[in-house]
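Undergrad: Residues per chain, in single letters:
Protein chains: 2
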Amino acid sequence: MGAVRTKRKPRAVREQQMLDAAVQLFGQRGYMAASMDEIAERAGVSKPLVYLYLNSKEDLFGACIRREATALTEAVRSKVRPDMPAERQLWEGLRAFFTHTAQHPEGWTVLHRQAHTQGEPFAAEVAAVRAEFIAFVAQLILAAARDRAAPCARGDGGPGERHVPALPEHEATGLAEALVGAAESLAAWANATPGVTAHQAAATLMNFAWAGLGNLMEGRAWSPSAA
Amino acid sequence: MGAVRTKRKPRAVREQQMLDAAVQLFGQRGYMAASMDEIAERAGVSKPLVYLYLNSKEDLFGACIRREATALTEAVRSKVRPDMPAERQLWEGLRAFFTHTAQHPEGWTVLHRQAHTQGEPFAAEVAAVRAEFIAFVAQLILAAARDRAAPCARGDGGPGERHVPALPEHEATGLAEALVGAAESLAAWANATPGVTAHQAAATLMNFAWAGLGNLMEGRAWSPSAA
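Protein chains in written order, with UniProt numbering: chain A, 1 to 227; chain B, 1 to 227.
It is worth saying that the hints were derived from the structure and are not from the lab. In this text, all values refer to a predicted model and were calculated from it rather than measured experimentally. Errors might be hidden in some of the hints.
[Said to hold, decoys possible] Computed list of chain B residues with no C-beta within reach of chain A, every gap over 12 angstroms:
no., residue
1, D20
2, R42
3, A63
4, T70
5, P105
6, Q139
7, R146
[What the hints assert, rightly or not] Partial list, computed: chain B residues near chain A (C-beta under 7 angstroms):
no., residue
8, E41
9, G174
10, L175
11, A178
12, L186
13, L205
14, F208
We put the CB at the ideal spot given by N, CA and C, even for glycine.
Modelling step: build the complete structure from the supplied sequences, incorporating the hints.
TA: Structural data, given as structure tokens:
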């Protein structure tokens, strides 16, 4: 009895091993080509145990998506503190994003590519996480715009504390869509391109984004007539 | 004989009707859910004729991807003339991109989402078109950077006509990846958001991108120490 017990690992540990193996294989080969036999073998467990714990290949795939999405979201949020200036929040968030996707390339492939290939409910789960990210980035952009607009608005003798923000909310959402799309594209490129570090990818996007956003927040919008 | 002939349309016309119907149904329902029966019905032809002309559902899907990719590429390239200033090329290219994706929402869904769901060879075909787009945008960014760097470099008494560009080539590729990723994300958002016009989406991205790129090209890179 004692010998058997020392060989046994807690269920939570086994499950993480299964998810580790599954994310690797799904990411490298795609959902269809990854077999439950191979996932069990790589996890060092029996195939019946994988089915016992995670029910089916579909459920295992769903568990992978949820785990990778949560890990990515937490990696970014843990580095972005609301008391930082917006510019620093954006930089820390981008660095955390590119560091995490570089350290977990298969996890990123599962989220960015594989999740869409198996239709619902997986595509909807990833879309929900993405929508949360975009709302988070849009709030960050709006907060930055408010910070910059505030000194003038408060100094002009207006009737109250509230002032008209320099940036309309739907414009902030559009900018957040652009920024998140750019980050997704760059993460896949950085992972596929030898020699591109997470820091470089983050700096490229910060360079691309910040001066543009910064100008917008100062009310200096680009105009077609200038081109 | 004469009556039969007047009813007949040329093969090329019939094929375009089949592709029109297929793109609509693939874009609206996805590859799996779109049936050949429905495609034939919507195209106003018999199902055997669809198979005779396009061989299989897979081949029909491939033909849709190629037609939509070619149409999008041509729509953008036709508006971007090399004699324009880089800023104008970028603006015209973005306007053409968002106008085309707004006018062909199902075609865009097929390219952006559906093509990845059926694995190879479709994902590879779309990836090849995307790589061409990115190379095109990277060249545009490099040309703009050279234009801006040239006056100083030529005035400093260097040994020849050639000068060190302000922007390294791999950095231009990274920026092009970011810009194309941002455009893809915004196009899907604009199509899904009532009231967002192609012009607005193009202006949002131009605002986001140009001031940032413009600063880079003037040698004013963003630096982490500033945040």
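Undergrad: Hint by hint, say whether it matches the structure.
TA: Here is how each hint holds up against the structure:
For D20/B, the shortest C-beta to C-beta distance to chain A comes to about 24 angstroms, beyond the 12 angstroms cut-off, and the non-interface label holds. The beta carbon of R42/B is kept farther than 12 angstroms from every beta carbon of chain A, the shortest such distance being approximately 22 angstroms. Distance check on A63/B: its Cβ is at least 21 angstroms (rounded) from any Cβ of chain A, clearing the 12 angstroms threshold; non-interface status holds. Every Cβ of chain A is farther than 12 angstroms from the Cβ of T70/B; the closest lies at roughly 22 angstroms, confirming the non-interface assignment.
Every CB of chain A is more than 12 angstroms from the CB of P105/B (nearest about 16 angstroms), matching its label as outside the interface. Remark: the non-interface label on Q139/B is consistent with the geometry, its nearest Cβ contact in chain A lying 17 angstroms away (cut-off 12 angstroms). The non-interface label for R146/B is consistent with chain A: the shortest C-beta to C-beta separation is roughly 18 angstroms, beyond 12 angstroms. At its closest, the beta carbon of E41/B sits 24 angstroms from a beta carbon of chain A; the interface hint therefore is violated under the 7 angstroms criterion.
With its C-beta approaching chain A no nearer than about 4 angstroms, G174/B sits inside the 7 angstroms limit, and its interface hint holds. The criterion of a C-beta within 7 angstroms of any C-beta in chain A is met by L175/B, whose closest approach is roughly 6 angstroms, and the hint holds. Using the Cβ-Cβ criterion of 7 angstroms, the hint placing A178/B at the interface with chain A is satisfied: the shortest such distance is roughly 4 angstroms. For L186/B, the shortest C-beta to C-beta distance to chain A is roughly 5 angstroms, which falls under 7 angstroms, so the interface hint holds.
With a least beta-carbon distance of about 6 angstroms to chain A, the hint placing L205/B at the interface is held under the 7 angstroms criterion. Because the closest C-beta pair between F208/B and chain A is about 5 angstroms apart, less than 7 angstroms, the hint holds.
The structure does not agree with numbered hint 8 stated previously, though it agrees with all others.
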